[in-house]
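Undergrad: Chains as they are written, first to last, in our numbering: chain A, 559 to 788; chain B, 79 to 313.
It cannot be assumed that every hint is accurate.
[As the list claims (entries may be wrong)] Below, simulated BS3-like cross-link-like pairs (lysine-lysine); rule was C-alpha separation at most 30 Å, straight line: (1) Lys-704(A) / Lys-209(B); (2) Lys-209(B) / Lys-627(A); (3) Lys-209(B) / Lys-573(A); (4) Lys-704(A) / Lys-573(A); (5) Lys-627(A) / Lys-704(A).
[Stated by the list, open to error] Chain A stretches covered by chain B per the calculated footprint, using a threshold of three residues with CB under 8 Å from any CB of chain B: (6) 563–573; (7) 638–647.
Hint data in this document are derived by calculation from the structure and do not stem from the laboratory.
None of the values given here were measured: they were computed from a predicted structure.
From the three backbone atoms N, C-alpha and C, an ideal C-beta is built for every residue, glycine too.
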Amino acid sequence: MRYISLIQGEFWALKRNRRMWMFILMMLGMAAVYALDAQDGGTFVPVVLVVTIYTGTWQMTVNSLVEEKERRTLEALLVTPARPLEIIGAKATVGILLAALLSAVILLLFRQPPRSPLVLLAGLGLAIGFATASGALIGIVARDLKTSSLYRTPVLALLVGATIVPWQESGWAIAEIMRWLPTRPVQELLWGGWTGAPVPLTRNSAVMLFYTLLLLAVDARMLRQQATQR
Amino acid sequence: MIVLTGVTKCYGSVTALSDLSLEVRTGETFGLLGPNGAGKTTTLRLVAGLARPTRGQVRVAGLDPWQNGEAIRRQMGVVLEGGLLYDGLTVLENLVLFAGLFGVPRQAALDALEQMGVADLQHRLAGRLSKGQRQRVALARAILHRPCLLYLDEPTSGLDPAAAAELHALIRSLRSQGVTILLSSHDMAEVEALCDRVGLLREGRLVACDTPARLKETHGPSLTDAFIRLTRRAN
Chain A
559 MRYISLIQGE FWALKRNRRM WMFILMMLGM AAVYALDAQD GGTFVPVVLV
609 VTIYTGTWQM TVNSLVEEKE RRTLEALLVT PARPLEIIGA KATVGILLAA
659 LLSAVILLLF RQPPRSPLVL LAGLGLAIGF ATASGALIGI VARDLKTSSL
709 YRTPVLALLV GATIVPWQES GWAIAEIMRW LPTRPVQELL WGGWTGAPVP
759 LTRNSAVMLF YTLLLLAVDA RMLRQQATQR
Chain B
79 MIVLTGVTKC YGSVTALSDL SLEVRTGETF GLLGPNGAGK TTTLRLVAGL
129 ARPTRGQVRV AGLDPWQNGE AIRRQMGVVL EGGLLYDGLT VLENLVLFAG
179 LFGVPRQAAL DALEQMGVAD LQHRLAGRLS KGQRQRVALA RAILHRPCLL
229 YLDEPTSGLD PAAAAELHAL IRSLRSQGVT ILLSSHDMAE VEALCDRVGL
279 LREGRLVACD TPARLKETHG PSLTDAFIRL TRRAN
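I would like the entire structure built from these sequences, with the hints used as guidance.
TA: Dropping the structure here:
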């Protein structure tokens with residue numbers, strides 16, 4: 559009940575968030591223009607999916623948490639029976655739903671089915687989960703919008719950049735290192751899911767799940783500390 | 079209703095509260111006064127179960143708030159300084175969100191708005207309310223689940239005298255319904271008008287606890303003088 563109420567509150571806020579609507583329209587517009595023009599979205603579809611997920615889900619989670627802190631509305635929430643994890647979970651859920659919906663619309667715009675739908679679905683889910691968990695960490699660590707903007711943009715650029723680089727074309731050592739970081743696995747899953755190229759699904763999923771769960775554990779610990787040790 | 083016994087709260091090397099013993103009786107309006115940094119917010123956090131005392135014991139309605147934080151917060155209404163409403167939501171949305179968090183029906187939100195005389199503002203964005211309207215809405219949000227304990231932090235800060243008087247009347251009506259009120263304020267006239275007893279904190283210690291009339295007699299002539307004398311001694 560509390561969780562549903564928090565999600566409802568997030569949707570009410572989203573409804574009037576002009577910045578987010580501009581972002582959604584921009585991403586869909588870009589995808590629509592390219593879909594009309596291109597016969598095969600081979601490279602473009604995975605790139606636009608990565609950019610949409612990381613900028614949308616990630617930014618939304620960061621902004622939502624930091625704005626709550628800056629306006630002190632988080633304090634008002636913390637003196638209700640709502641638990642810190644429910645608060646962060648509701649924010650993450652809305653980001654996840656938005657990213658999933660946008661990804662689905664973008665795929666529909668290209669009017670061609672992915673070659674390996676399950677691999678693509680796994681890539682999307684893992685990317686969204688990782689973006690949410692890492693966005694929440696930045697939101698928890700940042701004190702306000704001003705300080706968060708100092709490291710928000712570089713971290714986001716690093717995440718997106720490192721995910722869309724074709725690491726398999728790099729030297730052996732770099733390509734191998736990137737296999738174990740939360741960038742190349744997402745890249746392989748999304749590109750492989752769209753084009754049908756073979757992908758080590760289990761290993762890539764395990765790597766992404768490890769980082770996502772680790773970040774979620776850190777998020778929960780830090781949020782609990784902030785709620786009780788101020 | 080609230081009993082603090084020998085409570086000390088440290089944040090690292092900083093001692094926010096030191097050996098604080100205090101009792102707030104059921105149904106009374108208790109003023110918690112003190113300069114900034116005296117430990118008022120820490121006291122609220124301990125009472126709400128958001129912080130754990132380093133030493134000593136806190137009991138709210140006989141329960142340990144740290145162990146039973148959720149149950150305590152379910153019985154508590156809080157109005158923090160500035161109202162802290164969601165500016166991007168309408169007044170009704172702000173209240174319905176909190177009604178959901180306290181597990182009460184939507185009708186409770188409408189009733190609370192009616193009780194605070196702001197039902198006509200329900201479709202207005204909270205960001206477009208005047209200060210007085212914000213405080214009334216914040217008070218409506220704090221009482222929608224019919225709490226038995228209400229914490230008010232600077233409830234009339236920045237309000238014009240007419241709006242402040244109206245809010246005082248609303249607070250008195252809540253007190254007459256048996257709600258225990260813990261009031262934190264820097265407005266001595268407000269404290270004198272509303273509080274049955276007053277506790278004065280200085281550097282995390284309780285330096286005085288009595289009725290406003292007795293504090294004036296002992297440290298007066300006015301409550302402001304008493305406040306200045308009792309807090310100046312530390313400097």
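Undergrad: Would you mind confirming whether the straight-line C-alpha gap from Lys-704(A) to Lys-573(A) stays at or under 30 Å?
TA: 24 Å, holds
Undergrad: Against the 30 Å threshold, does the CA-CA distance of Lys-209(B) and Lys-627(A) hold or violate the hint?
TA: Between Lys-209(B) and Lys-627(A) the Cα gap is close to 21 Å, so the pair holds against 30 Å.
Undergrad: Is the listed coverage of the region 638–647 of chain A by chain B valid when you require three or more residues with a beta carbon under 8 Å from a beta carbon of that chain?
TA: With 4 residues in contact (Cβ-Cβ under 8 Å with chain B), the coverage given for the region 638–647 of chain A holds.
Undergrad: Are the Cα atoms of Lys-704(A) and Lys-209(B) separated by 30 Å or less?
TA: Roughly 26 Å separates the two Cα atoms, so the pair holds.
Undergrad: Between Lys-627(A) and Lys-704(A), does the CA-CA distance stay at or below 30 Å?
TA: Given pair Lys-627(A), Lys-704(A) holds - Cα atoms ~12 Å apart, limit 30 Å.
Undergrad: Can you tell me if the region 563–573 of chain A counts as covered by chain B, using C-beta to C-beta distances under 8 Å and a minimum of three residues?
TA: Check passed, 6 qualifying residues.
Undergrad: Is it true that the CA of Lys-209(B) sits at most 30 Å from the CA of Lys-573(A)?
TA: 25 Å, holds
The structure meets every hint from the earlier list without exception.
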